[in-house]
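For the record, the sequence lines run as chains Y and S.
Residue 0 is where the first sequence starts when you use numbering that gives the first Met the number 0, and the numbers rise one by one after that.
Residue 0 is where the second sequence starts when you use numbering that gives the first Met the number 0, and the numbers rise one by one after that.
No lab work stands behind these hints, which were simulated from the structure alone.
Do not rely on the hints blindly, as some may be mistaken.
Stated by the list, open to error - A few chain S residues facing chain Y, derived, Cβ under 8 angstroms:
{"#": "1", "residue": "TYR18"}
{"#": "2", "residue": "VAL19"}
{"#": "3", "residue": "PHE34"}
{"#": "4", "residue": "PHE37"}
{"#": "5", "residue": "LEU39"}
Note that the coordinates shown come from a computational prediction; the quantities given were computed from them, not determined experimentally.
The beta-carbon is built from N, C-alpha and C at its ideal position, and this holds for glycine as well.
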Amino acid sequence: MGPEIWVDGHPIPALGAALLGIVVGYLAGMFGIGGGFLMTPLLVALFGVSLSTAVGTGLCQMIGTSLVSLLRHRRVNQGESRFDLLMIPGSLLGVELGSRLLSKLSTMGSVQIAGGEVPWVNLVVEACYSLMLSWVALSYWRRSGGAVDRLQYLRPGPFSRVALGPRLDLPRVGLRAVSAPLIAYIGLGLGTLSGLLGIGGGVALNPVLIYGYGFPIRQAVGTGILVLFVTALVGTVSHASRGHVNLSLALVLLVGGTISAQLGALMSKRLSGAALGRIHALVIGFAILAVLWDLVRRVG
Amino acid sequence: MWQRGTLVPGETRVSDVPYVLACVLLPAALGSLMFAVFELWDRRRRAKRPGAELPRIDYSI
Numbered sequence: 000m001g002p003e004i005w006v007d008g009h010p011i012p013a014l015g016a017a018l019l020g021i022v023v024g025y026l027a028g029m030f031g032i033g034g035g036f037l038m039t040p041l042l043v044a045l046f047g048v049s050l051s052t053a054v055g056t057g058l059c060q061m062i063g064t065s066l067v068s069l070l071r072h073r074r075v076n077q078g079e080s081r082f083d084l085l086m087i088p089g090s091l092l093g094v095e096l097g098s099r100l101l102s103k104l105s106t107m108g109s110v111q112i113a114g115g116e117v118p119w120v121n122l123v124v125e126a127c128y129s130l131m132l133s134w135v136a137l138s139y140w141r142r143s144g145g146a147v148d149r150l151q152y153l154r155p156g157p158f159s160r161v162a163l164g165p166r167l168d169l170p171r172v173g174l175r176a177v178s179a180p181l182i183a184y185i186g187l188g189l190g191t192l193s194g195l196l197g198i199g200g201g202v203a204l205n206p207v208l209i210y211g212y213g214f215p216i217r218q219a220v221g222t223g224i225l226v227l228f229v230t231a232l233v234g235t236v237s238h239a240s241r242g243h244v245n246l247s248l249a250l251v252l253l254v255g256g257t258i259s260a261q262l263g264a265l266m267s268k269r270l271s272g273a274a275l276g277r278i279h280a281l282v283i284g285f286a287i288l289a290v291l292w293d294l295v296r297r298v299g
Numbered sequence: 000m001w002q003r004g005t006l007v008p009g010e011t012r013v014s015d016v017p018y019v020l021a022c023v024l025l026p027a028a029l030g031s032l033m034f035a036v037f038e039l040w041d042r043r044r045r046a047k048r049p050g051a052e053l054p055r056i057d058y059s060i
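So that you can see chain Y by itself, here it is in the shape it has in the complex:
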């Protein structure tokens, strides 16, 4: 049978968990993403891990992966640090809110759907995942059509024109008089998503930076990593104190994932931007199917 890890009172194969970490890490390295939005629903769908444990363990694993990104990007000096610093207070509050909301949903019992019982927490969280992943997949499919070239340069977006003061300049990306409270609210929303869904910053923040503010794509990728690291830290403490983190599982996922992420990053150099975008969209489509299958299985 092989070594096993006990999660939520039942064993899961350690090799299977390591394989999941390797696959998600490879895809994360290939597409330059954190992988949290893939890891959490796949832990639930493939191994029957409870949502709370999947979210908490995912955030724990994200400490390692986000630290690697932070160390790397600090040397390259990419991203707008003022944006990061303004987001941190809101995201710290948001991650605690998200954790509490997840705990509250976990205690709410089940709802009857089509003759089957679905826990409220699975219904709400997996519905959020399906909607968000669908939006991300569509945007990557559209971007692979060649529009990505236009994203290399600053194109001030609607969020950069919001007049809510006090305002500040973002010199690294070339934006002036940007609303500071709006950035803090974005941090609050991002933190809440992290605490509730166990996702990192990239999947939610990058579209906001690129399409909302008009950041060049390189600056967008470098921004938010500090917030992600801090959010993963605080989120892990919040979830661990509620007993939602399985440290063994997190370490197995982390070891495999960080190794394969490097291989995925090397592979991405060999693929065209269009091919990467299409593959990315298909992978996310697979994650959506896994989430919906888990919901249908519970109803059925």
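Guided by the hints, dock chain S onto chain Y, whose structure is given.
Below, chain S without anything else, positioned relative to chain Y:
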């Protein structure tokens, strides 16, 4: 965060501080180690082919 009365009704709390610290410190230590190993590997790989532009490892998330 550690005080009574801040829990959601029906929720339990694990008060094992060393475990919570381990959940933070172990992934951070492992991540730092992985970063150091890959940076060393990347430097050696680039040193073997001076002057050639090799694709850098992308750590973006």
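Hint by hint, here is what the structure shows:
Among the interface hints, the one on TYR18 of chain S holds; its C-beta lies about 7 angstroms from the nearest C-beta in chain Y, closer than the 8 angstroms criterion. Hint on VAL19 of chain S holds. Least Cβ distance to chain Y is approximately 4 angstroms, under the 8 angstroms limit. Annotation: interface hint on PHE34 of chain S holds; nearest CB of chain Y at approximately 5 angstroms, less than 8 angstroms. The beta carbon of PHE37 of chain S is positioned within 8 angstroms of a beta carbon in chain Y (closest approach about 6 angstroms), and the interface hint is therefore held.
A least Cβ separation of about 12 angstroms between LEU39 of chain S and chain Y goes past the 8 angstroms threshold, and the interface hint is therefore violated.
In the structure shown, a violation is registered for the earlier hint numbered 5 alone.
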